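The residues making up each chain are set out below.
Number of protein chains: 2
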Amino acid sequence: MAQAAMVETASRDGLDWPTLFATRSARMKASEIRELLKLLDQPDVISFAGGIPDPALFPADAFSAALTRALTGPGRGAALQYSVSEGYRPLREWLVGRMASLGVACSIDNIMITSGSQQALDYLGKLFLTRGDTALVGWPTYLGALQAFNAYEPTFDRLDPFANRSTDDYRATAAAAGGSVKYAYVSGDFANPTGETLDRTARGRVLDLAESLDIAVIEDAAYQSLRYDGEEIEPILALDIARHGSIEAARTIYCGSFSKTLAPGLRVGWVVAARPVIAKLVLMKQAADLHSATLNQMAIHTVASDGFSAQVDTIRGVYRGRRDHMLSALSRHMPEGVSWTRPDGGMFVWVTLPEGIDGAALLARSLETARVAFVPGRAFFADGSGANTIRLSFSCASEAMIEEGIARLGKVVRQQL
Amino acid sequence: MAQAAMVETASRDGLDWPTLFATRSARMKASEIRELLKLLDQPDVISFAGGIPDPALFPADAFSAALTRALTGPGRGAALQYSVSEGYRPLREWLVGRMASLGVACSIDNIMITSGSQQALDYLGKLFLTRGDTALVGWPTYLGALQAFNAYEPTFDRLDPFANRSTDDYRATAAAAGGSVKYAYVSGDFANPTGETLDRTARGRVLDLAESLDIAVIEDAAYQSLRYDGEEIEPILALDIARHGSIEAARTIYCGSFSKTLAPGLRVGWVVAARPVIAKLVLMKQAADLHSATLNQMAIHTVASDGFSAQVDTIRGVYRGRRDHMLSALSRHMPEGVSWTRPDGGMFVWVTLPEGIDGAALLARSLETARVAFVPGRAFFADGSGANTIRLSFSCASEAMIEEGIARLGKVVRQQL
Chain Z
1 MAQAAMVETA SRDGLDWPTL FATRSARMKA SEIRELLKLL DQPDVISFAG
51 GIPDPALFPA DAFSAALTRA LTGPGRGAAL QYSVSEGYRP LREWLVGRMA
101 SLGVACSIDN IMITSGSQQA LDYLGKLFLT RGDTALVGWP TYLGALQAFN
151 AYEPTFDRLD PFANRSTDDY RATAAAAGGS VKYAYVSGDF ANPTGETLDR
201 TARGRVLDLA ESLDIAVIED AAYQSLRYDG EEIEPILALD IARHGSIEAA
251 RTIYCGSFSK TLAPGLRVGW VVAARPVIAK LVLMKQAADL HSATLNQMAI
301 HTVASDGFSA QVDTIRGVYR GRRDHMLSAL SRHMPEGVSW TRPDGGMFVW
351 VTLPEGIDGA ALLARSLETA RVAFVPGRAF FADGSGANTI RLSFSCASEA
401 MIEEGIARLG KVVRQQL
Chain L
1 MAQAAMVETA SRDGLDWPTL FATRSARMKA SEIRELLKLL DQPDVISFAG
51 GIPDPALFPA DAFSAALTRA LTGPGRGAAL QYSVSEGYRP LREWLVGRMA
101 SLGVACSIDN IMITSGSQQA LDYLGKLFLT RGDTALVGWP TYLGALQAFN
151 AYEPTFDRLD PFANRSTDDY RATAAAAGGS VKYAYVSGDF ANPTGETLDR
201 TARGRVLDLA ESLDIAVIED AAYQSLRYDG EEIEPILALD IARHGSIEAA
251 RTIYCGSFSK TLAPGLRVGW VVAARPVIAK LVLMKQAADL HSATLNQMAI
301 HTVASDGFSA QVDTIRGVYR GRRDHMLSAL SRHMPEGVSW TRPDGGMFVW
351 VTLPEGIDGA ALLARSLETA RVAFVPGRAF FADGSGANTI RLSFSCASEA
401 MIEEGIARLG KVVRQQL
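From first to last, the protein sequence lines are chains Z and L.
Each residue of the first sequence is one higher than the one before, counting from 1 in the UniProt record's numbering.
Each residue of the second sequence is one higher than the one before, counting from 1 in the UniProt record's numbering.
Read the hints as simulated data drawn from the structure, not as lab findings.
Among the hints, a few may not be true.
The calculated lysine to aspartate or glutamate pairs, modelled on EDC-like cross-linking and capped at a C-alpha distance of 20 Å, are [to be verified]:
#1 L:K29 with Z:D109
#2 Z:K29 with L:E86
#3 L:K29 with Z:E86
#4 L:K411 with L:D358
#5 L:K29 with L:E153
#6 L:K411 with L:E355
#7 Z:K29 with Z:E153
#8 L:K411 with L:D344
#9 Z:K29 with L:D109
Note that the structure is a prediction, hence the values are computed from the model and not measured.
Could you build the full structure based on these sequences and the hints that come with them?
Laid out in C-alpha cells, this is it:
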C-alpha cells in the first residue's frame, strides 16, 4: 500500500515532460522490433537480425598492443588529454592515403574524424536540415539514417535515380512540405538493408539528379571495404571529383567507418568533403562533444597503419563464405514466390516475401515456433511500405547455424502460404 | 598560372554551400579568441588560458592495466563490439553508488552514459529546444553550453536566482522571442568561468524559480569533485529530490563528467534524471552516435572502481596548491581597482578589470609584450557584455609559472591604467 501510494505521489508530482520537450522529440520513438530483439539473447535462438561484425574477427591483440604503446612513454599524457575537434592528425593523414587509393584526391583539411559514421549522419542532418526541408532517401534505406535525420524534422522524398521525375516536381513537393530539397542520401555499396550496389551508371544518375537540383549528396560508405566478388567501383565522391576537377568543386560528402573493418566499439569514423563543409562540421563537433576519444583515434591509426589490408582480407574471406552458404540455403529451403538479393559484399540479404505475408507477423511466428530471428523490412521504408520484406544478416552466423536457421525459416514461410 | 586558374575554376564550380545549410549554421562561428589561442603552443608563452586538467596527473598506468585486462580473455570481443545506447551496465551501477554518496537516490534506469558532459548539454538542448524557445543561463556562463544550445536556435535570458522578476515577465519575454522558457542551466560548483559556487540558499532559489516557471533545471556538475576548501554542498538534484520525495518527481537533470577527475581524452560522462527524460535521451543517442565507446566505458569503470577517491584526493592536493599560489600572486601583483574571485575549488579565477580595460585588447597586448595568455571574458556572456573581465586557469601551471606569469600580467594591466 505504501509502495503504491508513493508511486502515485511521484506520478502526480512528476513534471509533464512531453509538454516541455521540443517538437522533434515526437519523432523519437522506441522501435517495437528493436525492443523485441533485445529479448533475444537466449542461446537457443538463431539470429540473422544483428547486422554487426563477428567479434571473433576483431584484431584484439593488435588493439591491445596499440593501446599499451599509446599509454607508455612521454606521449601518454596526450593520449588521455583533450584534443582537437577535427581529429588526430596522423589518422587524418593516413586517411588521405586511403581516400587516394579509392580515387579521391584530398588533403587533411577535407577530413574530420567522427564517433562512427552514425555521428556523421547526425551532424549532416544538423548542418543541412531546417524543420520542413526535404531529404531524398531510398525506399528502403538505412534505418539509422532515417532516425538520425528525423531529429531535424525533415520530410523524406523518394530517391530513385532512374525515375523520370522533373526537378520542378521534386522542388514543388519540397516546397509544399515547407522547405527545400537539401541532399540525397545514398549507400552505394552492399547497402543496409538490401545488400545491393549501385553501378557506375546509377552513381552517375545520382550525381545528375543532385546537380540538376543543386543539392548535396551524402554517400554512406560504411560497407565499402567488404567486397567479395566483382570489380571495385569508385565512390560517388571520386566520380564527382572526376567530373569537376577538385574536391572543392564536388557536392558529395563521403562518410566512412572503421566499424565494419577494425572494430565498432571504439566509435571511429570519418567524413570527407569540400573545406566549407568540413569547417562547419568541426565547429559543430566542438559544440556537440568537443572531439572523438583521443586514445581511440591513436589506436585505430596504429592498427590501420600496421595491417588494414590484411585485416580486410581476413574478414572478406570469412564473410564471403557465410554469404555463399546463406544464398545456397535460401535456394534450397525457400518456397516458390520468395525472392532475394545476391549481394557482392556487405552483411545483408534482402528477402521479398509473397504479397500478403507481413514481415513483422512472420518474425513473431518465427520466434515462437522456429526460434529464428531477423529484422522485418518495413522500418527501412520512410513511407511505411515494404511489409512483405525482411532483412537477413549472415555476418555473425556459422555455416551450421545458417543451414539450420534458413531451413527452419523456410518451413515457417511455407506455413504462411 | 595553372595553379591560379585551377583555384579559380574550383571556386566557380564549387557549391554555394551557405545557401544549402540549415538556418542554425549561421550561429556556428569560429571564435577569434580560440583561433588566436591555437597559435600559442610556443614554449615561451605562460598560459592561463586552457582550463584543462594537468596531464601529469592522469592515472595512465591504471588505464593501461584496465585496457589490457579488457582486451584479454573471453570478454575481449565485447569490449570492441557495439553496445547499448544507455551505456555499460557496471559503470551505471557504480554511478548509482556515487550518486547515492552525493544524496541522490536513483537506479540505473535514471542514468545514461554520454561522450563527456559536453554531449549531455548538446542532447539536452536537442531534447528541449524548438527554435525560438528560451534557455535561462548565467551572465556569464560556460561558453561550451552556449555553443551546444545555439545549434537549436534558442533565445537566452538571464538566470539570476536573486533577481526580483515575476514569472509573468520571464514568460512574456520568452513569448516575445517566439517560444517558451524550457530550462535553467546552472553550474553550481566552482563554475567555469567564474570559479564561484552556489550555496544552499542560491540552489533553493534556482529550484523555486524553476518550479514557478514549471521548467527543467540542467545542473552541470563537471567540477563538483574538485573542492579544496569548505563543506560539500549537495547537488541541486539532491535538494530537488529532498523536496519532492523521488527522482521521478524531480525536475533537475544532473550532468557529470570523468574529464576533470580521471581523464578527458576517453570522453566519458553521464546524465542523471527522471526516467522519461533518460528514455528520450537513450533514443536520441541511438540515433545520433549509437553509444559511447565500449572499451572506454569499461576502462573508466575499472579505474573508478579501483581508486576514484584516491585519484580525486591526489589532484585536489595539487590544484589546491596552485589555486593558493595564484590568489597570493594576484594579491601581490595586481594594481588597485582589479578584483577577482576566491574559488573553493575547480580550475578558474575570474578577474574583473577596471571599467574601460577591454579583456580582448589586453590579451593581444599581453601576448605581444609579456607572453602571457588567458581568456577574455566577453565570450561567456550571452548578451555580449563583460568586456572588462578575464578568466585565468591555474590547473596546468607550476608555482613558478604562476608567480612569473601573474607578475608579468600585473605589469601589463598597470600600463593600461
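Here's how the hints hold up against the structure:
Between L:K29 and Z:D109 the CA atoms are separated by roughly 17 Å; this keeps the pair inside 20 Å, and the hint holds. For the suggested pair Z:K29 and L:E86, the alpha carbons sit about 15 Å apart, so the restraint of at most 20 Å is met. Restraint check for L:K29 and Z:E86: the C-alpha separation of about 15 Å stays at or below 20 Å, so the hint holds. Between L:K411 and L:D358 the CA atoms are separated by roughly 16 Å; this keeps the pair inside 20 Å, and the hint holds.
A threshold of 20 Å between alpha carbons decides the hint, and for L:K29 with L:E153 the separation of about 13 Å falls inside it, so the pair holds. Between L:K411 and L:E355 the CA atoms are separated by roughly 17 Å; this keeps the pair inside 20 Å, and the hint holds. This hinted pair checks out: Z:K29 and Z:E153 have alpha carbons roughly 13 Å apart, not beyond 20 Å. Restraint check: the Cα-Cα separation between L:K411 and L:D344 comes to about 27 Å, which exceeds 20 Å; the hinted pair is violated.
Only pairs whose Cα atoms come within 20 Å are accepted, and Z:K29 paired with L:D109 is accepted, the gap being roughly 17 Å.
Against the hints set out earlier in the document, a violation occurs for number 8 only.
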